[in-house]
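*Asks:* If you're matching them up, the sequences are chains Z and G in order. Residue numbering for the first sequence follows the numbering used here, beginning at 5 and increasing consecutively. Residue numbering for the second sequence follows the numbering used here, beginning at 5 and increasing consecutively.
Each hint can be trusted.
Which copy is meant is left open, because identical chains are indistinguishable; a pair holds if it fits in one copy or across any two.
Lysine to any residue pairs mimicking SDA-like chemistry, simulated, CA-CA at most 25 Å apart: (1) K11 <-> I245; (2) K162 <-> L265; (3) K323 <-> L426; (4) K162 <-> K267; (5) K323 <-> M5; (6) K162 <-> E271; (7) K25 <-> K162; (8) K186 <-> M441; (9) K186 <-> D440; (10) K192 <-> A175; (11) K356 <-> S107; (12) K128 <-> L401; (13) K275 <-> F161; (14) K11 <-> E253; (15) K275 <-> Q59; (16) K225 <-> I130; (17) K326 <-> L277; (18) K386 <-> A112.
In short, the hints are calculated from the structure, not lab data.
2 protein chains.
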Amino acid sequence: METVSGKRNYADLEIADMMEKNDGDTVKTHGMIYSVKDMGDFGFVTLRKRNGLVQCVYNKGISQFEISDLGPEYSISVEGTIKKDERAIGGFEIHLVNVEVLSAPQEAPAINLSKRKLGVTIEKNIELRPLTLRNNRERAIFKMQEGVVRGFRDYLFKEGFTEIRTPKIVATGAEGGANIFKLDYFGKKAFLAQSPQFYKQMLVGVYERVFEVAPVFRAEKHNTTRHLNEYIGLDFEMGFISDFREIMEMETGAIKNMIELLKSEYERELKILNLELPEVTEIPTVRFKDAKEMVATEYGRKIKDPYDLEPEEEQLISKLFKEKYNSDFVFVTHYPVKKRPFYAMDDPCDPKYTLSFDLLFRGMEITTGGQRIHNYDDQVAKMISKGLDPADFEGYLMIHKYGMPPHGGLGMGLERLCMKLLDESNVRVASMFPRDMSRLTP
Amino acid sequence: METVSGKRNYADLEIADMMEKNDGDTVKTHGMIYSVKDMGDFGFVTLRKRNGLVQCVYNKGISQFEISDLGPEYSISVEGTIKKDERAIGGFEIHLVNVEVLSAPQEAPAINLSKRKLGVTIEKNIELRPLTLRNNRERAIFKMQEGVVRGFRDYLFKEGFTEIRTPKIVATGAEGGANIFKLDYFGKKAFLAQSPQFYKQMLVGVYERVFEVAPVFRAEKHNTTRHLNEYIGLDFEMGFISDFREIMEMETGAIKNMIELLKSEYERELKILNLELPEVTEIPTVRFKDAKEMVATEYGRKIKDPYDLEPEEEQLISKLFKEKYNSDFVFVTHYPVKKRPFYAMDDPCDPKYTLSFDLLFRGMEITTGGQRIHNYDDQVAKMISKGLDPADFEGYLMIHKYGMPPHGGLGMGLERLCMKLLDESNVRVASMFPRDMSRLTP
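Turn these sequences into a full structure, and let the hints guide you.
*Replies:* What follows is the structure, encoded as structure tokens:
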């Protein structure tokens with residue numbers, strides 16, 4: 005009987021293995037060809053491996069194949085000898101002896117992938133995503149994004165959170181409004197979840213502290229540089245809070261941890277992206293009302309909408325706090341009841357406002373959070389005052405009816421956070437396969 | 005200016021903190037009341053904390069409150085003294101001095117949550133999920149599920165995989181057939197992803213090894229104990245394989261790691277669930293054709309469908325391999341071309357079959373995987389032979405056209421795996437908020 009035992013037995017070496025080899029050591033590895041520089045008797049083959057590039061040298065006298073038989077995006081297996089070289093990425097080159105072509109493309113790539121920056125429009129880039137993501141800089145963006153998620157997750161695990169997975173096909177929208185995708189569910193009307201809001205609150209009653217990293221769907225009818233119709237939500241929710249600022253403390257801790265993890269484990273990507281991470285020691289907080297007035301005064305601006313922040317105001321608040329306190333982040337707190345969802349808890353000191361916050365990062369809102377209503381009567385009353393029918397929220401209201409601790413949480417948009425880390429101005433740059441009003445492929 | 009710095013400053017202790025205290029030490033903590041036993045001058049209050057239960061003792065002479073003022077699902081803050089007791093969970097009790105009610109339910113819970121097993125039908129259980137998940141056993145199920153995902157993820161990170169997040173709103177179904185949810189996407193027809201298949205293959209060209217843990221949507225029109233219409237897919241895909249068995253080796257390694265992690269970090273949950281984990285050293289493999297014949301011979305069974313395994317055959321194959329080789333798992337390999345998707349690679353030795361496999365666990369298929377076609381002409385030809393129009397797969401075919409290494413991967417159903425770990429017979433038991441043909445709430 006044949007069996008498998010889960011043992012690895014790969015002769016092929018990875019970059020880390022090869023970095024430990026000595027001059028003249030024989031190595032075997034594989035990769036896709038990133039670029040070929042054929043100079044006749046001599047040449048370079050750059051290999052794209054799972055976590056970086058490796059420079060290989062072709063030398064007609066030594067190499068037992070023709071460099072002219074190779075091209076970009078060939079999958080090859082190589083054998084050669086290590087030559088230490090400080091100038092090369094990783095500190096070594098492979099002097100090629102044998103190359104075996106495992107798979108050759110049907111056509112040469114439609115664009116030159118090995119340029120430092122691709123130099124195509126964002127539209128073209130997205131259209132060719134299966135290809136453009138192979139570019140070293142594009143690869144680094146989404147590798148860094150992995151690190152951001154890991155930093156969030158690891159921190160919350162350490163803080164006693166439970167990781168949850170909640171349904172995306174739902175019977176009721178959590179965030180209200182028209183920006184919800186409708187679905188035919190075996191003849192019944194269903195929706196795509198606009199957030200895990202109801203579920204994460206339900207699970208606070210179970211695990212006290214929960215988080216989820218999952219897709220979120222918003223049928224926003226505006227095609228802007230800051231909206232995606234499907235994005236990754238980093239959500240957490242925590243019980244037994246005595247002040248909504250504890251949520252902000254938790255987020256600050258998570259962000260610090262993200263930055264630390266990027267520094268320690270994603271150094272290669274930070275270098276490729278030439279990325280300067282924000283220094284976070286303390287994040288300033290300012291009340292919504294004060295923030296609005298501050299930028300109106302400071303920048304001679306009229307307040308048009310007293311209930312919400314316009315994108316330009318978010319930028320100006322960020323600018324102000326960067327200039328005054330050298331902070332890339334600023335928490336804006338106590339948003340008006342009018343613009344916050346029905347589950348937001350009012351400020352007992354001034355019930356026109358809520359115990360809620362947004363986190364602005366380099367001019368853009370990346371998080372919305374706050375304390376939630378836990379009392380049944382209060383929640384029912386708030387629904388009614390917002391024109392909602394409590395009967396539509398029977399499952400959700402079960403938690404208020406049968407008991408909930410004081411609690412709150414937040415949702416963070418992964419792509420927006422990454423876009424701002426990258427200092428980019430279009431959120432699509434930070435989405436592998438963005439979905440917008442006019443884009444459903446690739 | 006006020007700031008937040010991410011520092012924690014909680015006076016409240018968690019279970020691990022309290023386990024280290026000595027007899028007579030004063031502690032402060034919080035939780036939701038799981039049960040109250042009021043015996044007049046004396047009583048017990050069991051507290052549900054984020055990762056377990058804590059027994060508290062009421063004693064009229066010492067406790068400065070009335071136990072009759074408390075009830076199940078109250079959120080309370082407590083102060084008391086530690087009393088070491090080997091018989092108590094965690095080895096200690098809290099002798100209560102003060103209790104502060106932070107939040108009281110509107111109504112007493114509809115069912116008794118603190119029973120060892122809830123003792124309600126699965127339908128009733130799901131209907132009351134926001135409540136029933138608070139039961140200690142239900143909680144343990146999904147905590148264990150967290151561990152299963154962590155075991156999968158941690159292993160793949162160690163093996164050099166990149167974590168990816170691919171779109172769930174798509175223009176083309178990856179698995180074909182009618183079991184796909186349709187969606188109106190700004191006037192265009194869209195679907196919910198049946199799997200991340202196309203995207204994970206695309207990303208093999210970028211990162212060589214990738215994995216994703218995310219929801220998967222299947223509009224299966226049969227309401228069985230083994231189907232969910234939304235479930236969590238554990239997917240990975242790896243490039244530069246020289247044999248499709250390498251995928252099975254990787255899965256075996258991941259499963260071993262899951263089991264190790266459950267043993268080391270989820271001991272409490274395993275105990276609550278009274279769960280016996282399978283011993284995995286080597287997993288036997290058997291060809292589809294041979295497996296079919298073996299159970300036909302062994303159990304005197306007629307082969308009805310030569311191209312697929314019936315659920316009963318899966319059970320019998322598992323039974324046979326358990327009896328003969330004492331294995332809870334068995335890989336069935338080389339499925340017929342007819343029943344495998346268009347991206348499956350044919351076996352060059354016998355092109356009626358594919359280089360593919362299913363993993364059976366205790367009588368049920370929990371994984372489907374295999375090697376994929378990487379050559380452009382081969383993929384186009386296979387699409388045509390399956391009655392598909394290559395023009396519908398333009399984005400996907402980009403990878404075949406511009407070059408792909410030999411690769412393969414698999415998809416595992418999280419809930420099915422957990423259901424079988426639990427030795428349960430209905431997959432809904434392992435889904436927090438199951439979605440089936442007749443269930444969209446809670």
